[in-house]
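Next come the chains, spelled out residue by residue.
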Amino acid sequence: MTATLTDRYVYAVARSLPEARRDDVERELRATIADDVDARVDGGAPTGEAERAALTALGDPARLVAGYLDRPLHLIGPTYYLAWVRLLRLLAVVVLPIVAATSVLGHLIGGTPPGGIFGATIGLLISVAVHLAFWTAFVFWLMERTKQSADLDSWTVDELPTPPVKGAPPFSDMIASVAFLVVAAVAIVGQQFWSGFSDASGAVIPALEPGLWTWAIPILLAFIAAEIGFAVWLWKAGRWTPAHVVVNIVLALGAAAFVVILVTGPGMYNPEWFAQFGADDEIDPLHIANVVTGVAAVGIGLWDSVDGIVKAIRQRPRRS
Amino acid sequence: MNDKDAAHLQELRRGTVVLASLLVLRTPGYGYALLDQLERAGFEVGGDTLYPLLRRLESQGLLVSEWNTDDARPRKFYRTSDEGVALATRLAADWDRLTESLHDLRGDLS
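Residue numbers (our numbering), protein chains in the order written: chain A, 1 to 320; chain B, 1 to 110.
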């Protein structure tokens with residue numbers, strides 16, 4: 001016996017309901033549909049058409065299921081929609097240019113012809129944009145599904161945000177810092193799997209010294225995590241306090257010192273990787289890279305420290 | 001009526017179905033009959049809204065239900081609980097108050 005339209009409709013509803021409620025809803029639904037069909041037949045409609053019309057009137061089973069489950073029919077509701085759009089726009093504005101610049105630079109260094117650079121960068125941008133949209137939507141979707149109505153009810157005026165004082169760290173700074181740090185972390189981890197070179201057996205030759213994985217790379221990643229935490233902390237505080245200035249200096253100089261120790265001591269880069277560029281008696285690319293990295297680390301660390309001090313001085317005193 | 005009107009009308013009517021159902025079901029009734037009754041009374045409501053609503057009201061204790069197997073076709077009968085009647089009374093009072101307020105607001109427009 002083939003399933004009737006009603007069987008199929010009831011099945012479509014029942015299968016999405018929790019076991020405990022399924023039978024009861026199914027019985028009621030069958031009676032309801034049968035009542036409607038009878039009413040339409042009494043009204044003069046042929047049986048087959050009456051069933052079709054009754055089910056059409058009842059509408060998409062998914063809507064009915066949503067009603068029974070009391071489940072939202074949207075990905076992101078009004079509570080979070082604007083926040084999501086704002087975040088997405090901001091991320092796109094901040095991350096996409098960084099990605100584009102990094103990609104172009106990387107390909108230029110790698111010697112890719114201009115046409116190839118353009119194509120690869122466009123492809124990468126599309127892929128990153130899709131990831132940004134998907135993952136942010138996913139996070140907000142989760143928030144939408146897990147939010148407690150109490151969250152909204154328990155709101156008090158004390159939760160109102162303080163308007164930023166002039167010269168306060170802007171949100172865009174925080175996002176830019178975090179985006180940059182995430183890119184750096186991805187690069188540090190990623191060079192192990194994609195460095196542009198592989199040896200005769202096809203294994204990737206990492207750009208960083210592989211021996212560092214046991215100690216230095218985790219420390220570098222920890223510095224990055226700490227910097228991310230700092231960026232968020234600073235933004236949340238809304239102003240540079242003496243504590244922010246001190247922590248900023250400690251982190252900046254600490255990271256710089258660590259990098260200097262690496263390049264002067266055990267070495268940061270993988271000599272094998274640099275060997276791939278070809279040997280030259282006059283210049284040693286590894287040595288140049290070490291010097292440039294060390295100088296850059298010190299320069300950035302000093303600049304970052306001073307930057308924090310200057311910003312702390314420049315901000316207007318908080319209105320009391 | 002255009003789409004915008006329809007959307008506002010739907011917004012305005014949201015909630016009236018709850019009150020109407022609680023009032024009608026002071027006499028026990030089953031889903032399809034209630035739908036029919038509401039439609040004839042001028043409440044535009046679809047089964048996809050009403051049937052889940054009945055279960056929601058039941059889970060809130062505003063309706064009580066019972067399967068009636070006397071007929072050839074077993075039906076789930078709903079009846080407004082005491083709590084439901086109390087809520088309906090309050091809602092209806094509020095409705096009356098709104099009607100008055102609306103009249104005042106409309107003034108000579110009516």
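It is possible that some hints are incorrect.
[As the list claims (entries may be wrong)] Partial selection, computed: residues in chain B whose CB lies under 8 Å from chain A:
hint	residue
1	Y32
2	G46
3	P52
Derived from the structure by calculation, the hints contain no laboratory data. These numbers come from a predicted model, not from an experiment. Glycine is no exception: its CB is placed at the ideal position from the N, C-alpha and C atoms.
Tested hints:
| no. | hint | result |
| --- | --- | --- |
| 1 | Y32 | holds, 4 Å |
| 2 | G46 | holds, 6 Å |
| 3 | P52 | holds, 3 Å |
Of the hints listed earlier, there is not a single one the structure fails to meet.
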